[in-house]
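Asker: For reference, the chains in residue letters:
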Amino acid sequence: MAAVLESLLREEVSVAAAVRWIARSAQSSEVTAPTRPQAWPESAFRDDPGEAAALSSLRPLRKEFVPFLLNFLREQSSRVLPQGPPTPAKAPGSSAALPGRPGGPPRGGRGARSQLFPPTEPSSTAAAEAPSARRGGRRRGPGPGRERGGRGSGGLEEGVSGESSPWAGGRRPRGSGSPGSPSLARSDPPNLSNLEEFPPVGSVPPGPAGRTKPSRRINPTPVSEERSLSKPKTCFTSPPINCVPSSQSSVPDTSPWGHGLPPGCRSLQEEREMLRKERSKQLQQSPTPACPTSESGSPLPSRTGNLTAEPADPARVSSRQRLELIALIYSSCIAENLVPNLFLELFFVLQLLTARRMVATKESDLEPIPGALDSLESPLFQSVHDCVFFAVQVLEHQFQVLSYLDKGTLKLLAENERLLCFSPALQGRLRAAYEGSVAKVSLAMPPSAQAVSFQPETDNRANFSSDRAFHTFKKQRDVFFEVLREWEDRHEEPGWDFEKGLGSRIRAMMGQLSAACSHSHFVRLFQKQLLQMCQSPSGTGGTVLGEAPDVLSMLGADKLGRLRRLQERLVAPQSSGGPCPPPTFPGCQGFFRDFILSASSFQFNQHLMDSLSLKIRELNSLALPQPEPSDEDGESDVDWQGERRQFAMVLLSLRLLAKFLGFVAFLPYRGPEPPPTRELQDSILALRSQVPPALDVRALLQQGLRARRAVLTVPWLVEFLSLADHIVPLLDYYRSIFTLLLHLHRSLVLSKESEGEMCFLNKLLLLAVLGWLFQIPTVPEDLFFLEEGQLDTFEVDTVTSEQGLDGMPVVDQHLLYTCCPYIGELRKLLASWVSGSSGRSGGFVRKITPTTTTGLGAQPPRTTQGLQAQLAQAFFHNQPPSLRRTVEFVAERIGSNCVKHIKFCQKKSPGAVRALLPEETPAAVLSSAENIAVGLATEKACAWLSANITALIRREVKAAVSRTLRAQGPEPAARGERRGCSRACEHHAPLPSHLISEIKDVLALAVGPRDPEEGVSPEHLEQLLGQLGQTLRCRQFLCPPAEQHLAKCSVELASLLVADQIPVLGPPVQHRLERGQARRLLHMLLSLWKDDFQVPVPLQLLLSPRNLGLLADTRPREWDLLLFLLRELVEKGLMGRTEIEACLGSLHDAQWPKDFSEELATLFNPLLAEPHMPEPQLRACELVQTNRGTVLAQS
Amino acid sequence: MILTKAQYDEIAQCLVSVPPTRQSLRKLKQRFPSQSQATLLSIFSQEYQKHIKRTHAKHHTSEAIESYYQRYLNGVGRNGAAPVLLDLANEVDYAPSLMARIILERFLQEHEETPPSKSVINSMLRDPSQIPDGVLANQVYQCIVNDCCYGPLVDCIKHAIGHEHEVLLRDLLLEKSLSFLDEDQLRAKGYDKTPDFILQVPVAVEGHIIHWIESKASFGDECSHHAYLHDQFWSYWNSSEEESLILWLKSPMFLKNLLLEFCWIST
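In the order they appear, the protein sequences are chains F and S. Each residue of the first sequence is one higher than the one before, counting from 0 in numbering that gives the first Met the number 0. Each residue of the second sequence is one higher than the one before, counting from 0 in numbering that gives the first Met the number 0.
Be aware that a few hints might be false.
[What the hints assert, rightly or not] Chain S side only, calculated, beta carbon under 8 Å to chain F, not exhaustive:
hint: 1; residue: Arg53
hint: 2; residue: Leu97
hint: 3; residue: Ile101
hint: 4; residue: Leu152
hint: 5; residue: Cys155
Derived from the structure by calculation, the hints contain no laboratory data. Remember, predicted model here, so these are calculated numbers, not experimental data. Glycine residues also receive a C-beta, built at the ideal position from the N, C-alpha and C atoms.
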């Protein structure tokens, strides 16, 4: 391989030819104009038969070239970027076979390559993380991932050698990806000369466990011994790396490059042995990372002293030509997608750009070896100047990609002084790109915390088999939300554990789900909640975390922007785990993952998979509306915004669903490591190959490619595959999927821009997600560099659809960064350079002094506009989604129309909304929907106008529109009907609660105990009954239970009246109620019972043993009132004689004094025997005081 | 009228170990003449319930029950017309209605073959005439009408108050032309737990977006507010931004004033 490189360096072979040679299989292997910089001499691209001959002899090695090149660059940069973690990984393959020694000793033939990324810590991290792996959907907890490392020829050797330590396979933990986890090197510019910080092999790389990026570097090669000689310069205090004492003394360091074989070339075995010992030592020492990190998760840059980067000077670049050539070939490989991960390479290049200083080596190292310039014998990067020169060269070639990055990154690039110094032209182009960019992307995590509202259509009793099932579901919903709330409140508390805190509750709840029907109900809730909470609301200006909305909104629009930026700096994660983080479940997703794990219910998982699959199919085949081809030139961007937003919604939902489908589907097969032996692997493969996939993703992928919808299908497929276990990529079914993806990856050449091509940002999104997938630990490292033959057989028939989604600008930077947050690492890397080099507080080093603010307690004076927007959001939330879509659709179309014809919006929108919504939509809802549609349409029109028409006109339009809108009011809602009282009723009657309370007081007073001065006045009683009548007639506030109690209390009151038990207050002292008053009151009661009560009055209580018993206790017994009452009852038809008889009959059971029973019999017999006729003498005297002895019982 | 925290605390302070009787309430009224009876009763009830929650368990040990029952028997044995049960409740600092329940339950255990069901006991408490023993019936009835914090009558009063406030609220919503679904309509749609009103078109009140309104005709001290949310409405809490208007205070005036602030900012 080196031979090829050397031929290139000697200009025996042109770069173009070499690239064609490498990418022979790829149909698109022309080095096209954009990748070819003007500065390059034509000769560099000449193609002659001689070179073909030179290359053809090397044909068998072709596929190893790119891995070799990548490894070569990584190795060369080792002295600049020795820290490893954020450094892009190496590609597999690539034993650095030297010219003339192509088949030379494979392992460390040169023996002098440095161990760039000491692959040591996975052992400790693996051990540390293993226990938490259960909770981790990250299959290994935040545990060890792998980086692409050189496997190739060495890979197998490693596997066979059976090093059981995690080092085998060259694994090192990949960033855990937990948001906020630091990536050290970014904010810690390396002090390359400090051995404490950059220990040679065997020491633990910086950073807490699992946070650093691993290298898939496989071959343990001898390391430079020079380094042990370089004195540690104390530039700054040690950053939190190197918690474990380094072991430089035990491992000799050799120069990274170009010094031939180290003395003795100690056997590899010996060194491995040493390393192994070292590792086991560390394993014991540090089960948990000892490195302190700050609370915020940011690595506190502990450097306090002068941290200045070595200035880079273009004039001091050594071997320019060689650097230019390698930069060109490297860039060409990137442009042709021959490298697995575009952004990883960009990250690497930016690392070179921001390298701080070179590790000092022997003097002789720095001297270019005469005559060796054109060979690989001398180091490629001899100084920081070389690094920066090389980086700028590559960036020049990659300008197109850079120009599509977000505005923040462009700014940092354009302001990079090194870049300005080395290529003012590139800097100029970047500045222009920055100024023209509208792609402001926030790196803050998407907000969350929404709950699924009750869904009346499905959560209805009618959808359940039984009351019990319905009841169970209701309970489960409550438990689910309770668990969710608790998680939200507590999951960030230190020491809180999901399983411990919630596990048993979740399992108890799952235990109640017996019927399949209830499982599906619960799964539906679960899935809805998942989508609602985890899908980042793109473009809808979602809420910000916690209290923030209130605080933010009180500031008004201009300050709001600044505050948002400040907030972003405070809440944005420092790092998403390097440029290639392993799949994680950030934020709320963690809840759902842990819920699935804790529930550990087979049925639940199955139902969930079914449901997720269905939803994925549904969304994947969703016909996304395409804007009509505009009849005018320069179709306004307004037309695309809606499509983009909808596409983003669908895509993000799909990705989320697919991720969880992958998680659940591969959960049973997940293990920390691939099977150790070939035989075991084969038997597992035999088993697994007969298991049908949970969802036929291959068919969906093929459909997607055919219909030119790759931009929708591939990103979610990648999410799905990212959670596969180690065996999956080896299965035929999935292998064919990977083959398809590889071909797709190769075909996405960014520089190709022709009719029918995929849009640039669409391609960039696919390249980013695919590149990320190829770096997933479970994807075999050699997969990317497949046999060419396999790729040749690939065919996709794309003629079926000429205008698929792929050709539409559906992806914007916001979506790109949302799907691939790791692209943001570029920006963070650049930002850390800024903060480190100039001490400015820019970038992501948080130098924010919190100050107190006043008056937060007061009600925030919100702007009407903000409030209005919130109201509109709130309105839509409770309405079916279709309503929102309809309104937005109308606004979109009308707005667009309006722009074309300058009509106004409020005339058309309501009609359109009305036409689209179902007829039964309530009037108030309809009117609000219309108003919002008008508002949105106006806004969209104004947005366009603001971009195109002067501010003056805009103001006029807005004023006119709002005038019109003000004129319309919301429709007056219909008045509700009166509740049963007469139309004239003013509802001034006393409240039932008040009356019950009052009557209760009278009862209590009568029953006693009471103080001697207590009592009621007859007037009060009369008034009370009068009020009762009013209340019963105005039924506005009356509910049946209250009326029932009133009825019962009134009967009790009557009993007390009859028994003369009510203490009457009045001059001179407490006394009994007079007969006439009692009768008057009883009459009132009778009339209420007859005319006003609408509930049954329990009159039989009058004759209950207890109430009659009241009478039994009085001496002398006075029966007249009772008899009067009974007669009246009978007369008014309130009670029948038979009824009274029955009551009296039951009285015989009671134990009365004997005389009382006799009296009772004597009195009631005539009453019952009486013919049914009125008794005028009683009626006549009802209002006068009758003589009390009339019916006085004989004693 | 909004009660300040300090006022509430002052009232609550007076209620420490005061029996929940008519007499206590009367004294309270004399002490705080500016507060309405409903307000005072509500606070009294709430504070007393807290007290009962704390002490409830100790009255339900078998020893305690036995001792109460014996004391009751002895008491009525001496004089059946005396307020034996009520005095006993006051003496041991327990709610009279709850004491009545304990004794009734114990009595039925002794006199019936099968242990009494809860519904039988509830029914007897609602209508003491059903109690087979006349003396006990009177004693229980006395407890119930004298208890101002517990018992079927008090429950009914509370329920009635809740209902009345809902009606008031509905009228005010109608008056303000706000479109809403009430509890019955929500039930008809299949909701199992419902707030009093869901606004079909949300409104803004003093800068807060209101989606639904729940009227609680009792005092919303921190504790009950929290418990209430926890028990009932998490599943309706639709987004972090969504706010409910929970009307805790009883005074209709308060409601009226608040609702006057309602406005649907339509443009």
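Asker: Give a verdict on every hint.
Answerer: So, going through the hints one by one against the coordinates:
A least Cβ separation of about 24 Å between Arg53/S and chain F goes past the 8 Å threshold, and the interface hint is therefore violated. Because the smallest distance between the Cβ of Leu97/S and any Cβ of chain F comes to about 17 Å, over 8 Å, the interface hint for this residue is violated. Checking Ile101/S against chain F by beta carbon gives a least distance of about 20 Å; that is not within 8 Å, so the hint is violated. For Leu152/S, the suggested interface contact is upheld, since its CB lies about 5 Å from the closest CB of chain F, less than 8 Å.
With its C-beta approaching chain F no nearer than about 4 Å, Cys155/S sits inside the 8 Å limit, and its interface hint holds.
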